[in-house]
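Model the full structure from these sequences, guided by the hints.
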Amino acid sequence: MYTEKMPALMALRKRAQGEKPLAGAKIVGCTHITAQTAVLMETLGALGAQCRWAACNIYSTLNEVAAALAENGFPVFAWKGESEDDFWWCIDRCVNVEGWQPNMILDDGGDLTHWIYKKYPNMFKKIKGIVEESVTGVHRLYQLSKAGKLCVPAMNVNDSVTKQKFDNLYCCRESILDGLKRTTDMMFGGKQVVVCGYGEVGKGCCAALKAMGSIVYVTEIDPICALQACMDGFRLVKLNEVIRQVDIVITCTGNKNVVMREHLDRMKNGCIVCNMGHSNTEIDVASLRTPELTWERVRSQVDHVIWPDGKRIVLLAEVSEPLRSTEGLRVVPWLEGWAGFWDAKEDPFLMPTWEGSRPEVGHWESIRADSKIPATGSLLGGRGHSGRGLPELLGGGCFLLSPESGGFPWASGRVKKASPRLRRASGS
Numbered sequence: 343m344y345t346e347k348m349p350a351l352m353a354l355r356k357r358a359q360g361e362k363p364l365a366g367a368k369i370v371g372c373t374h375i376t377a378q379t380a381v382l383m384e385t386l387g388a389l390g391a392q393c394r395w396a397a398c399n400i401y402s403t404l405n406e407v408a409a410a411l412a413e414n415g416f417p418v419f420a421w422k423g424e425s426e427d428d429f430w431w432c433i434d435r436c437v438n439v440e441g442w443q444p445n446m447i448l449d450d451g452g453d454l455t456h457w458i459y460k461k462y463p464n465m466f467k468k469i470k471g472i473v474e475e476s477v478t479g480v481h482r483l484y485q486l487s488k489a490g491k492l493c494v495p496a497m498n499v500n501d502s503v504t505k506q507k508f509d510n511l512y513c514c515r516e517s518i519l520d521g522l523k524r525t526t527d528m529m530f531g532g533k534q535v536v537v538c539g540y541g542e543v544g545k546g547c548c549a550a551l552k553a554m555g556s557i558v559y560v561t562e563i564d565p566i567c568a569l570q571a572c573m574d575g576f577r578l579v580k581l582n583e584v585i586r587q588v589d590i591v592i593t594c595t596g597n598k599n600v601v602m603r604e605h606l607d608r609m610k611n612g613c614i615v616c617n618m619g620h621s622n623t624e625i626d627v628a629s630l631r632t633p634e635l636t637w638e639r640v641r642s643q644v645d646h647v648i649w650p651d652g653k654r655i656v657l658l659a660e661v662s663e664p665l666r667s668t669e670g671l672r673v674v675p676w677l678e679g680w681a682g683f684w685d686a687k688e689d690p691f692l693m694p695t696w697e698g699s700r701p702e703v704g705h706w707e708s709i710r711a712d713s714k715i716p717a718t719g720s721l722l723g724g725r726g727h728s729g730r731g732l733p734e735l736l737g738g739g740c741f742l743l744s745p746e747s748g749g750f751p752w753a754s755g756r757v758k759k760a761s762p763r764l765r766r767a768s769g770s
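Under my numbering, the very last position in the sequence shown is 770; numbers go up by exactly one each time.
I should point out that these hints are in silico values taken from the structure, not numbers from a laboratory. Where hints are given, some of them may not hold.
Stated by the list, open to error - In silico DMTMM-like pairs for lysine to aspartate or glutamate, Cα to Cα no more than 25 Å straight-line:
id : residue 1 : residue 2
1  : 580       : 604
2  : 362       : 426
3  : 523       : 440
4  : 422       : 406
5  : 422       : 520
6  : 533       : 607
7  : 610       : 520
8  : 461       : 424
9  : 470       : 440
10 : 491       : 520
11 : 470       : 434
12 : 467       : 440
13 : 460       : 413
14 : 422       : 434
15 : 422       : 645
16 : 552       : 574
17 : 580       : 626
18 : 460       : 426
19 : 368       : 384
20 : 533       : 501
21 : 598       : 527
22 : 598       : 626
23 : 491       : 527
24 : 533       : 520
25 : 610       : 589
26 : 356       : 384
27 : 523       : 589
Keep in mind it's a predicted model, so treat the numbers as computed, not measured.
Dropping the structure here:
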């Protein structure tokens, strides 16, 4: 069923036509283990890659998916509800195996990359590159780069158009409501909600909750995102100002200790606390494991934490968005003849616009089956821009790929010049 919902990966399999463009690739991954991940791994395997996988999150693994992958010959080290020791043990088993050494890393959060740097730094002699999809992991890569320790090319998928404008925004809009409804069965109308962080994930959460009739407050330290929240009609507050009155607290910053014990102590009875960001340290859960507080598991992924005076808060496991279905497109270029593009990079770099747009074309065509891609083809950055929108592309000199070329640089075809109107817009 999920293969039908992931047309970009299916198109990638069809394009290979039985060939093995990833033959020789040994990919080690650390992402959410979901049905979408299974389709990704099967696609990588169909293209000739060998894969070993661990989970980037101790809560999000679907055990039935992990078991099915293992039965089909994919080494998967993950299960729902891992302890911290289990988490690192799984990552270690994923990379530390006799007679097998990875040459590509597909990471979500940077934990896998961190572990290899810490325990097996010599492995990087054979690793061709890193694909990182989360803001937390990208930040860690930039820290390595600043310290002069990033010794392999690293692609910043987090800031790609696919991740920011589709996965973070649209997927979160649906998954926040679905996750809260499944775990609490609550009504959203009239509820007071504070969303910590107004990046793309926060925007999606706020839009969904506002549409359901919730009263939404936003905390944000970035001045641009804070202004966006105000312009979108949300009240910008400090967490301390509203923590006593809100019904739901949602974190989506990717930072540590956003909600501290002092905030948890001041929450009202029945307040629901959950995380939509990557890191499981946004909420200081460790501070709640003290003798005076009682933990009560009421259902899967739902805990009540009870104070001595009888007050309780509802702590949810992460209701994070599903893993994107298009990460196979990130590893193909290493073996498709433009490796020099990667080798020239010293810092984590953005996915080129043509690469980041390719999955959307496949999804757009699957949704609008009665429509065709416009005859002008795809608007792309003429000098390999990693830009985010039309103004940047027009400002940098642009070209249009002819429909015959398939719309992408590596599909050998003719390149047509932009129309006079577009040339005038770009100032050329």
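Hints, one by one, checked against the model:
At most 25 Å may separate the alpha-carbon atoms for a hinted pair to count; residue 580 and residue 604 meet this at roughly 14 Å. A C-alpha spacing of about 37 Å is found between residue 362 and residue 426, which places the hinted pair above 25 Å, so the restraint is violated. Using a Cα cut-off of 25 Å, the hinted pair residue 523 and residue 440 is violated, with the two alpha carbons roughly 45 Å apart. This hinted pair checks out: residue 422 and residue 406 have alpha carbons roughly 10 Å apart, not beyond 25 Å.
Taken as a hint, the residue 422 and residue 520 pair is honoured in the structure, with Cα atoms around 19 Å apart against an allowance of 25 Å. As the CA atoms of residue 533 and residue 607 are separated by approximately 20 Å, the hinted pair is consistent with the 25 Å bound. Proposed proximity of residue 610 and residue 520 is supported: the alpha carbons are some 24 Å apart, at most 25 Å. Proposed proximity of residue 461 and residue 424 is supported: the alpha carbons are some 21 Å apart, at most 25 Å.
Only pairs whose Cα atoms come within 25 Å are accepted, and residue 470 paired with residue 440 is accepted, the gap being roughly 20 Å. About 41 Å separates the Cα atoms of residue 491 and residue 520, which puts this hinted pair outside 25 Å; it is violated. Distance restraint check for residue 470 and residue 434: the Cα-Cα separation of roughly 20 Å lies within the 25 Å cut-off, and the hinted pair is therefore satisfied. Annotation: proposed proximity of residue 467 to residue 440 holds, straight-line Cα distance about 17 Å (limit 25 Å).
Restraint check: the Cα-Cα separation between residue 460 and residue 413 comes to about 31 Å, which exceeds 25 Å; the hinted pair is violated. Our distance criterion of 25 Å between C-alpha atoms is met by residue 422 and residue 434, whose separation comes to about 17 Å. The suggested pairing of residue 422 with residue 645 holds, with an alpha-carbon distance near 15 Å, which does not exceed 25 Å. Between residue 552 and residue 574, the direct Cα distance comes to roughly 11 Å. Compliance with the 25 Å bound is thereby established for this hinted pair.
Distance check on the hinted pair: residue 580 and residue 626 sit about 18 Å apart at the alpha-carbon level, within 25 Å; holds. For a cut-off of 25 Å, the pair hint linking residue 460 to residue 426 stands: about 17 Å separates their Cα positions. Between residue 368 and residue 384, the direct Cα distance comes to roughly 14 Å. Compliance with the 25 Å bound is thereby established for this hinted pair. With a CA separation close to 32 Å, the supplied pair residue 533 and residue 501 exceeds the 25 Å bound.
For a cut-off of 25 Å, the pair hint linking residue 598 to residue 527 is broken: about 28 Å separates their Cα positions. Under the criterion of a C-alpha separation no larger than 25 Å, the hint pairing residue 598 with residue 626 is consistent with the structure, at around 8 Å. At roughly 47 Å between alpha-carbon atoms, residue 491 and residue 527 are farther apart than 25 Å, so this suggested pair is violated. Only pairs whose Cα atoms come within 25 Å are accepted, and residue 533 paired with residue 520 is accepted, the gap being roughly 16 Å.
Taking the CA atoms of residue 610 and residue 589, the gap is about 8 Å. The hint holds against a cut of 25 Å. Of the pairs offered as hints, the one joining residue 356 and residue 384 holds, with about 13 Å between alpha carbons and a cut-off of 25 Å not exceeded. The straight-line distance between the Cα atoms of residue 523 and residue 589 is roughly 14 Å, inside the 25 Å bound, and the hint therefore holds.
The structure shown violates the earlier hints numbered 2, 3, 10, 13, 20, 21 and 23.
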